Amino acid sequence: MRDSSYQAVMARRGDIMKAAVGLDYAAFESGGMAFDYEAMMAAPGLSIEEVIAIERGYAVGNTPLIALKNITALARSCSKPGYGASIFLKDEACNPSGSFKARRAALSVEIARRRGYKGVITATSGNYGAAVASCAAKAGLKCIVVQECFDSRGVGQPEIIEKARKCEALGAEVLQLSVGPELFYVFLRLLEDTGYFNASLYTPYAILGVETLGWEIAHQCLAEIGQYPDVVAVTNAGGGNLTGTARGLLKAGCHCYIAAASVNLQGLHMASDRDFNRKSFTTGHTGFGMPYSTWPDRSDVPRSAARPLRYMDSYHTLAQGEVFYMTEALAALEGLERGPAGNTSLAAAFSLAQAMPRDQVIVVQETEYTGAGKHPTAQLNFAKQNGIDLLVGDPADEVPGQSIVLPAAPEQLRARPADLDHLKKSLIRNARRAYPGLVRQADIRFLAEETRSDSAFVRRQLEEEP
Amino acid sequence: MASKGDWVRLEQIVLKPEERALQLPEDTARVPLMLWVKGWLVEDTAPGGWAKVTTLSGREAEGRLLEGQTDYNHSFGPAIPELMQIAAGLKARLFGGRDEG
Numbered sequence: 050m051r052d053s054s055y056q057a058v059m060a061r062r063g064d065i066m067k068a069a070v071g072l073d074y075a076a077f078e079s080g081g082m083a084f085d086y087e088a089m090m091a092a093p094g095l096s097i098e099e100v101i102a103i104e105r106g107y108a109v110g111n112t113p114l115i116a117l118k119n120i121t122a123l124a125r126s127c128s129k130p131g132y133g134a135s136i137f138l139k140d141e142a143c144n145p146s147g148s149f150k151a152r153r154a155a156l157s158v159e160i161a162r163r164r165g166y167k168g169v170i171t172a173t174s175g176n177y178g179a180a181v182a183s184c185a186a187k188a189g190l191k192c193i194v195v196q197e198c199f200d201s202r203g204v205g206q207p208e209i210i211e212k213a214r215k216c217e218a219l220g221a222e223v224l225q226l227s228v229g230p231e232l233f234y235v236f237l238r239l240l241e242d243t244g245y246f247n248a249s250l251y252t253p254y255a256i257l258g259v260e261t262l263g264w265e266i267a268h269q270c271l272a273e274i275g276q277y278p279d280v281v282a283v284t285n286a287g288g289g290n291l292t293g294t295a296r297g298l299l300k301a302g303c304h305c306y307i308a309a310a311s312v313n314l315q316g317l318h319m320a321s322d323r324d325f326n327r328k329s330f331t332t333g334h335t336g337f338g339m340p341y342s343t344w345p346d347r348s349d350v351p352r353s354a355a356r357p358l359r360y361m362d363s364y365h366t367l368a369q370g371e372v373f374y375m376t377e378a379l380a381a382l383e384g385l386e387r388g389p390a391g392n393t394s395l396a397a398a399f400s401l402a403q404a405m406p407r408d409q410v411i412v413v414q415e416t417e418y419t420g421a422g423k424h425p426t427a428q429l430n431f432a433k434q435n436g437i438d439l440l441v442g443d444p445a446d447e448v449p450g451q452s453i454v455l456p457a458a459p460e461q462l463r464a465r466p467a468d469l470d471h472l473k474k475s476l477i478r479n480a481r482r483a484y485p486g487l488v489r490q491a492d493i494r495f496l497a498e499e500t501r502s503d504s505a506f507v508r509r510q511l512e513e514e515p
Numbered sequence: 012m013a014s015k016g017d018w019v020r021l022e023q024i025v026l027k028p029e030e031r032a033l034q035l036p037e038d039t040a041r042v043p044l045m046l047w048v049k050g051w052l053v054e055d056t057a058p059g060g061w062a063k064v065t066t067l068s069g070r071e072a073e074g075r076l077l078e079g080q081t082d083y084n085h086s087f088g089p090a091i092p093e094l095m096q097i098a099a100g101l102k103a104r105l106f107g108g109r110d111e112g
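These protein sequence lines map, in sequence, to chains A and B. Residue numbers 50 to 515, in the numbering used here, belong to the letters of the first sequence in order. Residue numbers 12 to 112, in the numbering used here, belong to the letters of the second sequence in order.
Don't read these hints as lab results, they were simulated from the structure. Accuracy of the hints is not assured; some may be wrong.
Here are the in silico distance ranges between beta carbons for each label pair [what the hints assert, rightly or not]: (1) A:G94 x B:A90: 50 to 56 Å; (2) A:G220 x B:A90: 50 to 56 Å; (3) B:D82 x A:A57: 54 to 60 Å; (4) A:R407 x B:A103: 20 to 26 Å.
Please read all numbers here as calculations on a predicted model, not as lab measurements. For every residue, glycine included, the Cβ atom is placed at its ideal position computed from N, Cα and C.
Sequences and hints are given; from them, build the entire structure.
Here it is as structure tokens:
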């Protein structure tokens, strides 16, 4: 009889993950900090053409690239003469299940199917659950989704409740938990008991799935606009969206500027029962974005395939009110009703376009579906019920957990740059903490790749903190 | 009394406060980790009693039977004028005050 206590199950996590992911992570290790990331990404042995073919089999991908003419005109009306890049939108909401997560799910589920797993499990409170459920339905596999949904009062975040509804509509079992990181323990027990595949967001398969998004953006821009994009704006949380998109752009020969964007929730603790329902965004925010970019291996798998600091050129934060504002603008000016979290990069792009010359192109890399619970109206009503003030004014005054400030005018919407050097230094510090032994040449090289810097930068940081 | 075959919702205490992970914020640490699961009731059970269900993935799950909690009640709620005003403002700015007369 297995010991199913918290400590015992967590102690078995390595073995459980190995069986549930089917990847021998030890093969990529070097005995210290460094591991062979590219070897891990090559391990599935899938070319991008093969990934595209897999996704076609799930009716995933090949989504429209839309010219946002009116939003571009609005950005130009806020810009200096000669400025205001053309803004385009990749409508990932057109995927089955309504988000770019379908790309990750198609790969994960297909790998599970090919390897003979009877089912898939995913731990997510996001769109990934529905994406996995949708692909599992097509593949004839069972599906279980584990969400963090309710606070200790039993109040559920409406967006997550909608996601549960969608998963159930697609035939998946949904387990909903109250607030806490011990969701991982529940997830491990389920994997162990069922023998199902861990359709993790952070395996190489999942990130290979996202590469097709970047690939499509590059090819569509060439075909439809006659040039590669100059900037691609990507919503950033766990890092997979950004990593996969950047890798796909590079594979298509496009070396454009990658701007990451997150909703600013600084001050709110992600494991706090009380803070849980005081935010209006459940993903695409700094609560994931900051920790995951500075320590990717906090993921469920031993080495995450999502390593955003390797690829991002800048990282911007937006106020919740700014993203709600752009969600309304998208509906009113472009006739596209889409979910707010997926518009985080749209809000960033609206701001960034104003600093770019008119003849340049910025692509907003995703949209997501909207509906009851997800819609700005639903989220703002929920915020009011939880004591959050809704104001119109300068979004710089927004205090996460206390207020949401809608800009009074589009000029007030300003993507705020995070200090990328500071994040890179944090990553180096976190790596040192996790691997306190001797730092070898290979580790210095590895950290330089991880932070898109050089060995001089890495050495300086290591010297500063023994 | 809920009948065998009813679509119901169950509740479980996964970890009592003293069993929870270390280094949690104080407000989370003092409450239990709870789990909720829905499924088809395996046999007649009174609300509040310990029940077994067959879930949508065909597993058996158990927990305390909750009464009448399988509804989807999430919605949009009342219209938010501050949101609606954004549309009007942006349209006026971009397309100007055209006379309809």
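Cross-check of the supplied hints:
1. A beta carbon spacing of about 53 Å between G94 of chain A and A90 of chain B agrees with the range 50 to 56 Å that was offered as a hint.
2. Against the hinted window of 50 to 56 Å, the Cβ-Cβ separation of G220 of chain A and A90 of chain B comes to about 34 Å, which falls outside the hint.
3. Hint check: D82 of chain B to A57 of chain A, Cβ distance near 37 Å, so the stated range 54 to 60 Å is violated.
4. Taken as a hint, the range 20 to 26 Å holds for the pair R407 of chain A and A103 of chain B, whose Cβ atoms sit roughly 24 Å apart.
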